[in-house]
Every structure is written in C-alpha cells, then in structure tokens.
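Going down the list, the protein sequences come from chains W and D.
Numbering-wise (the numbering used here), the first sequence opens with residue 2 and increments by one.
Numbering-wise (the numbering used here), the second sequence opens with residue 2 and increments by one.
If you are wondering where the hints come from, they were derived from the structure by calculation, not from laboratory data.
In this text, a Cβ means the ideal position worked out from N, Cα and C, and glycines have one as well.
Be aware that one or more of the hints could be misleading.
Said to hold, decoys possible - Taking beta-carbon pairs under 7 angstroms as the criterion, some of the chain W residues facing chain D (in silico): (1) 117; (2) 189; (3) 200.
2 protein chains.
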Amino acid sequence: MKANTTHDKLELLIERCKPFAPLRTAVVHPCDEPALAGAVAAHQARIIQAILVGPAERIRALAQSAGLALDDISLVDAPHSHAATEQAVALVRTGQADALMKGSLHTDELMAAVVHEDAGLRTERRISHVFVMDVPTYPKLLLITDAAVNIVPDLEVKADIVRNAIDLACALGVATPKVAILSAVETITSKLPSTIDAAALCKMAERGQIVGALLDGPLALDNAISRHAAAIKNLSSVVAGDADVLLVPDLEAGNMLVKELVYLANAGTAGLVLGARVPIILTSRADNSGDRVASCALAVLYAHRGGD
Amino acid sequence: MKANTTHDKLELLIERCKPFAPLRTAVVHPCDEPALAGAVAAHQARIIQAILVGPAERIRALAQSAGLALDDISLVDAPHSHAATEQAVALVRTGQADALMKGSLHTDELMAAVVHEDAGLRTERRISHVFVMDVPTYPKLLLITDAAVNIVPDLEVKADIVRNAIDLACALGVATPKVAILSAVETITSKLPSTIDAAALCKMAERGQIVGALLDGPLALDNAISRHAAAIKNLSSVVAGDADVLLVPDLEAGNMLVKELVYLANAGTAGLVLGARVPIILTSRADNSGDRVASCALAVLYAHRGGD
Numbered sequence: 002m003k004a005n006t007t008h009d010k011l012e013l014l015i016e017r018c019k020p021f022a023p024l025r026t027a028v029v030h031p032c033d034e035p036a037l038a039g040a041v042a043a044h045q046a047r048i049i050q051a052i053l054v055g056p057a058e059r060i061r062a063l064a065q066s067a068g069l070a071l072d073d074i075s076l077v078d079a080p081h082s083h084a085a086t087e088q089a090v091a092l093v094r095t096g097q098a099d100a101l102m103k104g105s106l107h108t109d110e111l112m113a114a115v116v117h118e119d120a121g122l123r124t125e126r127r128i129s130h131v132f133v134m135d136v137p138t139y140p141k142l143l144l145i146t147d148a149a150v151n152i153v154p155d156l157e158v159k160a161d162i163v164r165n166a167i168d169l170a171c172a173l174g175v176a177t178p179k180v181a182i183l184s185a186v187e188t189i190t191s192k193l194p195s196t197i198d199a200a201a202l203c204k205m206a207e208r209g210q211i212v213g214a215l216l217d218g219p220l221a222l223d224n225a226i227s228r229h230a231a232a233i234k235n236l237s238s239v240v241a242g243d244a245d246v247l248l249v250p251d252l253e254a255g256n257m258l259v260k261e262l263v264y265l266a267n268a269g270t271a272g273l274v275l276g277a278r279v280p281i282i283l284t285s286r287a288d289n290s291g292d293r294v295a296s297c298a299l300a301v302l303y304a305h306r307g308g309d
Numbered sequence: 002m003k004a005n006t007t008h009d010k011l012e013l014l015i016e017r018c019k020p021f022a023p024l025r026t027a028v029v030h031p032c033d034e035p036a037l038a039g040a041v042a043a044h045q046a047r048i049i050q051a052i053l054v055g056p057a058e059r060i061r062a063l064a065q066s067a068g069l070a071l072d073d074i075s076l077v078d079a080p081h082s083h084a085a086t087e088q089a090v091a092l093v094r095t096g097q098a099d100a101l102m103k104g105s106l107h108t109d110e111l112m113a114a115v116v117h118e119d120a121g122l123r124t125e126r127r128i129s130h131v132f133v134m135d136v137p138t139y140p141k142l143l144l145i146t147d148a149a150v151n152i153v154p155d156l157e158v159k160a161d162i163v164r165n166a167i168d169l170a171c172a173l174g175v176a177t178p179k180v181a182i183l184s185a186v187e188t189i190t191s192k193l194p195s196t197i198d199a200a201a202l203c204k205m206a207e208r209g210q211i212v213g214a215l216l217d218g219p220l221a222l223d224n225a226i227s228r229h230a231a232a233i234k235n236l237s238s239v240v241a242g243d244a245d246v247l248l249v250p251d252l253e254a255g256n257m258l259v260k261e262l263v264y265l266a267n268a269g270t271a272g273l274v275l276g277a278r279v280p281i282i283l284t285s286r287a288d289n290s291g292d293r294v295a296s297c298a299l300a301v302l303y304a305h306r307g308g309d
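The following block holds chain W by itself, in its conformation from the complex (with noise of 0.2 angstroms):
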C-alpha cells in the first residue's frame, strides 16, 4: 500500500502548468474507477481538456456509480479497448487531441498502436518511458528511465532513451539535467556491459550526439545520488551525487528501483512515454488521482517546452 506522503514538489509541477491551457488529451477506455477518476481530476484542475474515449453507456454509468460528473467532458464511443486505442491515435493524428492518456487496459495493447508502422504516432526518436519521482529525502525530483517499455536497450537506444529523458528534464525546468548511467560499479569492465554503454554513451554527449545535458557514468546509486559516497569514492563529477536523470541498465533493475522508492521511501510518481509524436501518459494501475493529475502534469509542460 502506498503511503499518504504529500508530495510538494510533484504538486509544484501542477501549478506551473496554470498559465497553458488544458492540454487536448484523448483518454483511452478509462472503464475503471482509478483511470476515470484521475481523468475527471485532470480535467478539473485544467491541467487536461479530457476526451474520453471507450464504450459510452459503460463509461456514463461508471461516473454515476463513482460520482464523478462528466457534464464539460467530450465522449467519444468505443466498443472495446483495441478500438478505443484506434480512435484515440486517429484523434492525434487529426491535430483533435496533444497527448494520450492510458485508461484500463494493458499497455502493450496502447504501445502496439502507437507504435504501428502506418497509422502509428512514430518519430525518429524511439520511445521510452520516464518515471518522475518525488522522494521526499531527495532535494529536486528524481527521473528514471526506463522501467517501463524497453526491456533490454541496446546502446541506440539507450541514447534515444537519454535524449527523451533531458527534453522532459528540461520541459520540467532543469536548465543543464545531470544525468547519471547507473551500473553496479564507476569502472569500466567488459564483463559488465552496461559499464562499456556508460562510457560510450557519455562520449555520445562529449561528440555532440547527445545534446543539452551532463553525463557521467557508471555511478552506482549511492554515487549517483549522494554526495558523500561520490567523495567517499573521490570521483570528479558533477553529476555524481546531484543526478536528476538515472538512466538504468534494463527494465528489471529500473522497475525495482522504482517500487523501493514508492514503498520505502515514500516517493511520489508521475510518469511519461515520450518519442511519440504526442506525450502519453502511462499510469499504473496503483497510482492514485494525485500521482495521475501530475502525470498529466508532466505531459503540459513537456508539451509546452520550449517556450510556447
């Protein structure tokens, strides 16, 4: 069970998005309460402009039983999931709608259409998820990436993964993201691999392939994230100890660090896929309304970076 920390620097996030109007954002088969709930909340706060997209009846019966009012909310009609999906990525394809957001079904099933090679919403940009972490013993928030969509990267995509990851740092305000290569040790060895795409991810950025941020890695965690074990290590970095990104290895090793976060140490979530054509915003099924309004958050300001 998630614990009832607040979160102010994810809630900050929330009121600088005060000045954009809500962002158009086609909700797909939000046909439980959590996904409808976090909608309506979204909506609301006018953060997003909810166009919500699923089977209508089902949908307008959900709000009465939960007591949520759908009355400014635009209802798109959908038998099912797979065709909610479609609409959805028809309606950002039409210019209807600037993000998605995940409603009640499996991510895989909203991935696939994204990702589709014809009526999908590719770039050149492969597409990645990043988790934006309040950890209340954590002084700025903390990226993470990716736990979520690619398994295994291999060292492109790592760079696209890190290249995603320093546009939402920088949407989020952070002028110059640090961003720390996590393996299990700073050395480099062939024996650990994610040691060897450390380094040539952090050549990346010095030969302009990767732009708009520090890099440094391998750092274990403990040198990514606190000062005093970097000293203790007498690494000259600046990004050990002050990371605002963590990329890590694979998903496994990410999806952990995550969930230690929220269930040990309190953290808050939001979280984000990017490299879309729209942002997309990828709720779990735990989060509550507050970890999904700042999810749609992070979806504004990445929206609107670069000043617009």
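With the hints as your guide, set chain D onto chain W.
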C-alpha cells in the same frame, strides 16, 4: 626499399642515452648479417652491452665474413634458436641481462618463450608492441600500437596496450602523452565496435584505470594528427591534431599504417615490446642498422624511466 632519409627525432633518442651505462642486452640468435650488425653497432655506440646468445662458431664466422669486430662482446653458445631463446630468457631471470633483443628468428618463437607460464618473463601487464615512428612531415615522434603482437585485442588488452605506450612515451620525455584512439569515425556507433572501445578507454582514464595521459577517441586518423582536419570537424579535444600515441583498432590496420609511413612517407622506425619483465627489442627484417640502434635506445630510455 626504404628511403635514405635522416631521422633527427630518432637520432636524438640515441643522443639521450649517452648519460646511461650500456644496457646489458641478450641478443637472441643473431645469425644473419643485419641482426648481428645491428647488435654490434648498438654495442659499439655504447647503447647496449651485447651478450650474443646463439651458435658461437656460426656467429664468429658471420662476423668475420661481414667484417664485424666482436672483441669485447660476450658470446653464449647455444646450438639453435630454441636453445638461444631459452638461455637468453634465463639470463634475464637470473639478473644477468636487462633487455632482450631479437636476432634472426621468428618473433613468435621469441615471444612464446617470453610469455611462457613458468619460465617466462610475464608481469601483470599484458605484453604489447609499440612502434616509434619518425615521420618527417609530423613535428614529433609518433608512437603506434599495437601493430605487431596483439592481433584483435579486446577492451582489457587495449587498456594494457595503452598503458604500455604511455610508459614508453613518458620514458621518451613526453610529460603527458596525448593518446588518440583510432577508428574510422569520430562518433559512437555500435556498428563499429572500435568506437565503443574508444569511449570505454576514455572513461577508464577518467576513472583512474589508465593514468598519466590524455586520451581521446574515437578519432579518424586525419583528426588525430591534423589540427586543421580536427578544426573542420569542430572537435573539442586536446588530443585531436596533436597525438603522441595512436592506438590502432587491430594489428592489420596498424601494420598497414606503419608500412605506409615507412614506404610512402619516409618514416624511420624503432620498436619495443613492453609489458614483460624487461624491454624486448623487436627489430624487423627490413630494419637498417640505424633503426636497430634506435630501437636499442628505446630500451635504454625505457629501462631508465622514472629518473634512475
């Protein structure tokens, strides 16, 4: 045919050996004229104190027919190249010789004895070869490694190859050698594994796993040795255009690079095998006497590195 160019930068190395006592050098199986003449020339120049190890009668006859004086040169009788190799290595192991010099036997035969598990001269460091090239069109000596011993080195071997080259460059008077890690491009791509190794080696230097030098790579050859080419590419690198050491991706690339420098750019060459208990002077069949003396000078300067 090698051009008859003067190689001032190699000459200077020979000059710099003057303060040092001749290095006690076991010359293994010097049974053809170039091998014997090179050893005798280095002995007469007081660079080395030659200990000829091989079939005594045959060596004496060769000296006589070639007009080489062996007056004050020790001669250790050994019936064939295999025995000569074993005895020369034994001279090192028992502290009677401070260097080995290859005569007229195959490199593999000598190296097999050197790396022999029990009776050899191994250290913790991987054994590698460094060419020291005097290229008339380049303002300083250029070290190229490894174009002679390690065929397709992996990352850890490359690290030792770099460490050996740094040690030699320092011994030759370069305070902080600039090491260019060569590939075909400057950017990182997993399609060219040498670019990944290059990045990993740079990070190893950052992490203190390789010390005493400035590393950059991947660099294409033009950017490694031409400031102009590096400037056109907008490379912000202290190494680019000013390399002291070129690390080649593998032996084939290195071999071609060295031979092109010799035959088309009139380069003079000296060479040394490092990483064993003592330096090994590994001349090649085509080396003239001056090249061989310069290689001996490398061994002397290397043996006296660190100021003793």
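Each hint tested on the structure:
no., hint, verdict
1, 117, "26 angstroms, violated"
2, 189, "5 angstroms, holds"
3, 200, "3 angstroms, holds"
In this structure, the one hint that does not hold is number 1.
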